[in-house]
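Novice: Line order of the protein sequences matches chains A and B. Read in order, the letters of the first sequence correspond to residues 1 to 321 in UniProt numbering. Read in order, the letters of the second sequence correspond to residues 1 to 321 in UniProt numbering.
Heads up, none of these hints are tricks.
Ranges of calculated distance between the beta carbons of each label pair, as one might list FRET restraints: (1) A/144 <-> B/24: 28 to 34 Å; (2) B/28 <-> A/113: 41 to 47 Å; (3) A/183 <-> B/315: 31 to 37 Å.
Output of the computed footprint for chain A on chain B, the stretches with three or more beta carbons under 8 Å from beta carbons of chain A: (4) 145-151; (5) 167-174.
One side only, chain A facing chain B, incomplete, derived with CB under 7 Å: (6) 156; (7) 167; (8) 170; (9) 305; (10) 309.
It should be emphasised that the hints constitute simulated quantities derived from the structure, not laboratory data. Glycine included, each C-beta is placed from N, C-alpha and C at the ideal position.
2 protein chains.
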Amino acid sequence: MAAIGAMPEINGFRQQSRRSFVTLILTILTSSQSILIVWSKRAGKYEYSVTTANFLVEALKCALSLAALVRIWRKDGVTDDNRLSTTWDEVKVYPIPAALYLVKNLLQYYIFAYVDAPGYQILKNLNIISTGVLYQIILKRKLTEIQWAAFILLCAGCTTAQLNPSSDHVLQTPLQGWVMAIVMALLSGFAGVYTEAIIKKRPSRNINVQNFWLYVFGMIFNAFAIMTQDFDAVMNDGFFHGYSLITVLMILNHALSGIAVSMVMKYADNIVKVYSTSVAMLLTAIVSVFLFGFHLSLAFFLGSIVVSVAIYLHSTSKARR
Amino acid sequence: MAAIGAMPEINGFRQQSRRSFVTLILTILTSSQSILIVWSKRAGKYEYSVTTANFLVEALKCALSLAALVRIWRKDGVTDDNRLSTTWDEVKVYPIPAALYLVKNLLQYYIFAYVDAPGYQILKNLNIISTGVLYQIILKRKLTEIQWAAFILLCAGCTTAQLNPSSDHVLQTPLQGWVMAIVMALLSGFAGVYTEAIIKKRPSRNINVQNFWLYVFGMIFNAFAIMTQDFDAVMNDGFFHGYSLITVLMILNHALSGIAVSMVMKYADNIVKVYSTSVAMLLTAIVSVFLFGFHLSLAFFLGSIVVSVAIYLHSTSKARR
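Between the sequences and the hints, there should be enough to build the whole structure, so can you do that?
Specialist: Structure representation (structure tokens):
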């Protein structure tokens, strides 16, 4: 994966196949991520500090980007595009996505006062709409009417696929819950779209350098999170208390998917990312039938049909441009 | 309504507005029909023979068509297009839709051995797909890819809107149940598309004459149904036993919607009819909230969004042709 993005000049076909490749990788990593979460929940409660795991994810991504860079330097030498040193002008915007995610994660603790966990899963689909709106506003790239129709279908289809007999509770969410859900969707959408804006602003800059700086700020913000939320637990029980094989696999998976997300931002866009994670959600459910004996509901089938039509509409609309 | 279709030559705008008008009327009649059914169920069980009511619906439609024709004869005189007399060549196909509906209604008694009533409501959405397939095969008019996508969405959206916590039982329907549901969907779709083929085959022929002959055969087939199914009840308790105000309103409504369906077949098509009845289903649910204090589920909202997008896609795709 590290070699991707090493050549500045490529033709349309290679660009397209690279886009498909990073999207496929992201889809596979995201669905295996959810499967790991189900597995870890079955194995027992989280015993480790989530903040330390998040910090390690950022550190691992940083290390992987650096390793990729070393390989590139050896092959191509150090150039203006792949040198690690940076300017204040380039780096000043890099902390913003990490800061937005931090605020969103902090809000996450408070929203559960108004919505239960399955209800929150349903409300998270608002991310799809907020990403579309902010993509159009911030990146100033217009989605066609058919693409918007497809995006609304994607949101409705994903929500339908996740329906269960208790989902109607979501409609009783108090106003504060709705406001928080919308604010969180906007923060998450803004962080994603802003990351794309940062990465795309310098198209010739090597993605591994861009990732390195993004993840450095990710480490700093997560270190802050450890200190404010899990300082006592880490001091008393140690940084790695409660870690298991699943924890290590989850950290590895999160790190790789994080890099895949960056690649999708560089070579495709946030819209592709949203489709990719939606398909991953459906894949996870199907794989869970075989792994954990889950049952698929009629709502899941209907939601999958709607998501499939959304993907079809998005792709035909693209081809017509 | 009877005056509609009196002039053989009209311009595109009048054609469009007439199409919209009959579609609107059909939507309103179909949704009030379902509300009457809910009302009659609340008022108590059906005490009357359904076959006699069906016979009266056909008789009333026949009478209304004849009344419309008398008005037209007085205004325009008797012409080749509006004379009641017919040829064997014209009339020989008219019994086919009535016969198909009869077979479908007979099957309806047997499918409940495999599926419960709410499950049957869900399976009835297969009608949407069967109508689309038969429309394309029999009437040889091609739906565009976007229109097909919209039609699949319409089917998925309607089913989603009707989901309830027990809907998953449908997935346990035995194979015989599925086969019967598909056969019934094909019969119903075939009857609809064949009626359109009959009506459209002679575009200049007055719709009221065409309706008259369709309904004459409807009366004959329903008289047959009374004799085979409710002969004893009618002989012992009388033809009108158990009739109430609601029964009369339902017969009136069914007759008017039947005529509206014919008008939609003449001036629009089966595809428009399917959209119209789907929107009627959603309208019924919304009106029932106010009339009967029903609650709308999250699935209903999601289904309505998908149906709305389907209508939007169908209409934009039409405009582009």
